[in-house]
Amino acid sequence: MQHDLSRQKPSIYAELPTDIFLLDTPSALEAHIGTVRRATTIKYGEAHAHVQGLVSRWIGVENQVEDRIKSLLSSDERLVPGVLYAATAFLSGAILARHRHLPVRVLLPPLLGTAAFAHFLPKTSANVRAYASALEDAHLPSFARFHETGKAHARMGWDLAREGTERTREAVSGGVVEAVEKVQGATGLRIREAFGVSPSMSGEKVAGPGENKVEEPAP
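First residue of the sequence shown: 13, per this note's numbering; consecutive thereafter.
None of these hints come from the bench; they were simulated from the model. The structure displayed is predicted, hence computed values, not measured ones. No false leads were mixed into what you were given.
What follows is a list of derived Cβ distance ranges for each label pair:
# : residue 1 : residue 2 : range
1 : A198      : I107      : 53 to 59 angstroms
2 : V95       : G197      : 55 to 61 angstroms
3 : G72       : I107      : 38 to 44 angstroms
Note that beta-carbon positions come from the ideal geometry of N, C-alpha and C, so glycine has one too.
Generate the whole structure from the sequences, applying the supplied hints.
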């Protein structure tokens, strides 16, 4: 009985409140989903940074190309008509060569287009050739040397052909003048004045105002 009373007697110390904590323990599925989500976030960040780098590089390339094109264009030439003429020449070459052999079909359109571009836009064409030559020297030195050798040979051949043409023209002109002089001396007709043949065509010196002139026989 006394034992029951002592057990019912309140304690002189205040009882501390007991807190109950509930621990949220994630399941294995939630832990796996979290791991996958974190890995996906990291990969997405890396991919985004890579794409941004590619976009930045592409913008840089666009700016370089734009600056290069602006440096090649001449401010003294109008681009629109010249480019249209070059394109027209290219298409005309394609039309003219469509029934020809394969080498003609391949070579004629770009040759006509390049010639028209060089004719209507000479300064821009010179800038493009200089830039192409610089690229050859920087990246293809052996091809650049071969190209320069070919241009030197072509220039030499052109000079020889021009000199030969000039000599032939002078020889033909001299022969014509000599023949006219002979016919005129034999017939007495003023053939030289009638055909407009000048003595300078044969390399002869024309008498000046104070020099003695050779009298021609009367008809």
